[in-house]
Every structure is written in structure tokens, then in C-alpha cells.
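Peer 1: Just so you know, the sequences run in chain order A and B. Sequence positions in the first sequence follow this note's numbering and run 27 to 289. Sequence positions in the second sequence follow this note's numbering and run 2 to 250.
Among the clues, some could well be false.
[Claimed, not checked] Using C-beta positions, here's what the derived DEER-type ranges look like: (1) A:58 x B:166: 32 to 42 Å; (2) B:124 x A:164: 57 to 67 Å; (3) A:31 x B:160: 34 to 44 Å; (4) B:197 x A:127: 50 to 60 Å; (5) B:245 x A:235: 55 to 65 Å; (6) A:61 x B:243: 20 to 30 Å.
Because the hints were derived from the structure by calculation, they are not lab data. Just so you know, these numbers come straight off a predicted model, no measurement behind them. For each residue, glycine too, the CB sits at the ideal point set by N, CA and C.
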Amino acid sequence: MTVRRGEVFGLLGPNGAGKTTTVEILEGYRARTDGEVSVLGHDPARRSIELRRQIGIVLQSGGIYSHITPREALAHWASFYPAPRDVEEVLDLAGLREAADVRSRKLSGGQLRRLDFALALVGDPELIFLDEPTTGFDPEARRAAWETVRSLRELGKTILLTTHYLDEAQELADRVAIVKDGRVLAIGPPRELGVGGAAGAERYRVVYRRDGEGELIELETGDPTALLAELTTRALAEGWRLQELSVGRPSLEDVYLELTADG
Amino acid sequence: MAETLLLGWRQYRLERKMFWRNPSAAFFNFLLPLLFLAAGGAILSGSQHDLNRLVPSIAGMSVMSTTFTALAYNTVFLRERGVLKRIRGTPMPTLSYFAGVAANAVTNTVIQIAIVIVAGRVFFGIGWPHQWLSLVVFVLAGVISLSALGVAFAHVIPNFESTAAYVNAAFLPVVFVSFYVFDSSSAPGFLRTIAEALPLKPLIAGLSGAMVTGSGLAHNLDELAVIALWGVFGIYLAVRGFSWERSGA
Chain A
27 MTVRRGEVFG
37 LLGPNGAGKT
47 TTVEILEGYR
57 ARTDGEVSVL
67 GHDPARRSIE
77 LRRQIGIVLQ
87 SGGIYSHITP
97 REALAHWASF
107 YPAPRDVEEV
117 LDLAGLREAA
127 DVRSRKLSGG
137 QLRRLDFALA
147 LVGDPELIFL
157 DEPTTGFDPE
167 ARRAAWETVR
177 SLRELGKTIL
187 LTTHYLDEAQ
197 ELADRVAIVK
207 DGRVLAIGPP
217 RELGVGGAAG
227 AERYRVVYRR
237 DGEGELIELE
247 TGDPTALLAE
257 LTTRALAEGW
267 RLQELSVGRP
277 SLEDVYLELT
287 ADG
Chain B
2 MAETLLLGWR
12 QYRLERKMFW
22 RNPSAAFFNF
32 LLPLLFLAAG
42 GAILSGSQHD
52 LNRLVPSIAG
62 MSVMSTTFTA
72 LAYNTVFLRE
82 RGVLKRIRGT
92 PMPTLSYFAG
102 VAANAVTNTV
112 IQIAIVIVAG
122 RVFFGIGWPH
132 QWLSLVVFVL
142 AGVISLSALG
152 VAFAHVIPNF
162 ESTAAYVNAA
172 FLPVVFVSFY
182 VFDSSSAPGF
192 LRTIAEALPL
202 KPLIAGLSGA
212 MVTGSGLAHN
222 LDELAVIALW
232 GVFGIYLAVR
242 GFSWERSGA
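From just these sequences and the hints, can you work out the full model?
Peer 2: Here it is as C-alpha cells:
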């Protein structure tokens, strides 16, 4: 598995799939038991300061000192890095302007999460790890976080994102890997994963409704040309129409559920 | 190296700022020994002999509460909250971080000892310390040893909710046994043995020599050796078992 510079890469999988373990090995928190790992040309297990200067980490459950404000925390964190971003700019980017001078024990859950983002960004890292960055967010906060991720990609940053939200992977990731039990089951751009998928063959989903009858009919095929020809021929011959016809590829969700199903 | 020092200094500044913003920590680590001193001083005000024993005892207790208690609390809190893990993911050098944290504890200890010395001079009829060198050496040895033991002790505390119970279960018996044995010449032999083997009683004895009786370093080498042994033991355990993150998280 390789993550390219400048892309948003999503690690997608059910709880316990090994997403956080993978990310923690890359971040240098855990030792790998086997295999080879390289992060920006460094072995993360060595925990070199040069590497840590180039990465930003948003932990799943990272705390912050209770008695300092976001502005103070960011100023302190910025001092760890050789070329940090401007603290005021990061406050704006993370949406913390209004909470900038509130002691962190009085911040809301959403504001704390934004502070997580801000602390990971203040060092102006090349590579950013986001471990389930929007878990527990309300829809508005999620949108805001997504905007932040998009703006980071526009700045040319590389982002490794773990999530168990399919829509998040679909919205943000250039490529995703679906993992389960520590194995990569499929890898590729989210919109193309449905095509090849694990099955290997192209699959399409055809949905339509016969007029006059209530139910949506859903068919799957590897050969949509033949199926559509057959359907239209029958419809014309029998005098009914295909309503709400759509031809689609299986969604990321279909692929995901199929791949991660037990057994 | 310059950068390591600079970052250590920044961490120290942050620790100082946070210390004064946290009233309950400031109270327990700081005011409590001084309240003991005031209350003890009021009760024992009739007897200079008793006051001479009270003041170094409180000084020893101050060293323990500003280092052992404070660091055990802090380490558990920061570990359980995920602050340590977050710091570990940054380029902040481990050495700078711990230098800043330790310097913060030392500052508290120095302020406390200074207050106790001034109070001893002004209110309790004890002059200025007689043996400054001995005073500095014993405070320093106590700080290093009890800081390390505090961090090491944090390893056995499973979660933040139980910190107070664990810390008090260690702190209070040590304080009581040490105070009692230091004060009473009729303490039972086994209790005396225990107290002599723990770090606080030797610390109080050394401080008493420096502050009250004028017996210098040369007369308290055994006491210093006990504290140093605890220090070696504490540093070994503190480093060996150190955990940056909550277990099972």
C-alpha cells in the first residue's frame, strides 16, 4: 500500500479492522511486528525529530491542558516547529476565532475537536494523519471539517484519513483502501472501486419501475447492454414503459458491505 | 542543544502559568503544608523544643507534596487525558518536556522552603539556617528522589478517578510515621526502622540539621545515602515503566 504525495488517502473499515493500529505504526506510536514502513523517507519507529517536524497528527482521543486557551496552546505548539504557520491564521482556518481565549476545559466537544485539527496544522506539516476526525460531530461541524480537509489538499498536503463513514471517504478521499482484520481487501478511487472491486468483473446495477406497478425492481449484471436490450424489447412488446430507469455501478457502500461481511 | 534548552524553558513557562490557574492544585501542593505549619505552630507555640521539630518536619513534607504528590497527580492526569500522547507526536524533545516539568516542581519546592524558612525565622524563633550547603544538598536530593518516585508511582495508578486514593495511601502513612518517629524518642523499634528506611524521615533529619541544630552534611551522610538510594530506585522505575498513553486505549 502506497500513499502518494498530495493525495487524500482514506483507510476505511469496520471497528477493529486495524485502521488505528496502521496509523499508529506510521505515526511512530507503535512498533510494527513485521514488514517495512517508510514515511517521507523515514522509518517512523526511529521517531526522528526531522520526521515529526513534517507530520501533523489528529488523534482519536488526544487531550489538551485544561487551563490554557486555544491561542496559548497553538503558540506553545508552534514553538516546537522550525517554520510554523501563523497562530491567528490557524485559529481562523480551524474556526476557533470566537473560542480563541476561552480556557480549554470550557470548550465544547466540537471546539475541542477543532483545536485537535488546529494543533496538528500549526507546524505546517507535509503529511497529516486524521484518525476518525469527525466521529461525534454534528452535521454542520462535519461539513466544516470536510472543508478544512479540502483546503489542506489544495495547499498540496498529503492526508491519511481513517474513517468508518463511507460518505466521508467518498467525499474526501482521492483513493481509499478497505481494510478488515488487518488486511487490505480493495484499493482505488472510491468511484472506481465499485467497477473492478474484489469480484474482478464489471458489475452494473439497473433499477426501474414498471408503470402501473408499485415496486422498484433492481437487477445486477455484468453486461448492461444485453440486459437493457432485453428490457426495452419486452417493454415495447408488452406495451409498458420503464419508469425511473437508472443504470449505475455499485456504490462504495455496496462494495464495502460485501467485502467486510463476515464469512 | 540550545533549542532543547529553549523548548524546556517554554514548557517551564507554560507549566508555571497552568499551575497558578489551577486553584485546587495550587492549594493541595502548596497551601496545605503551610496551613499545617500555621496550625502546628499555634498549638506548639509554648515549646521551642517542639517548634524546632515542627519546622523541619513541615519543610520535608513540603518537598514531598510539591514533588511526589504533584508529579503523581500530573502524570496520571496527562496520561489519561491523552496530553502525553499528543506531546509525544510532536517534535518537542522528551528531555525538554521533562526538564520543563521538573523545573516547575523545583520552583514550587524552592518557594515553599523559602516560606518555611522565613516563617521559622519570623514566627517560630528559629534563626536563619546554619548550614546552607547542607540545606541545598538535602533539598536537591529530596526533589530528585521524590520526583522520580512520584512519576514511578503514577505507573501503578490505573485511572484518574483513583489517583487521590492511591496518592494519599502512600503520602499520609509516610508523613505520619516519619513525623512521629522524628518527634518521639520512644517510638517502637520496628516503626523507627521503617521510618529510617523511607525517604522522608532522613530528609527531615537532614533539613533539621541544616536549619535548626547546625549539624552539617558530614554528620548526615547516612540520611543522604538513604535518599539517594530511593532516588536511584525511583529513576529506574520511572523510566522503565513510563507509559505515554492510557493502557487499553
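Peer 1: State the violated hints by number, sorted upward, taking the hints as numbered earlier in the document.
Peer 2: The structure breaks none of the hints.
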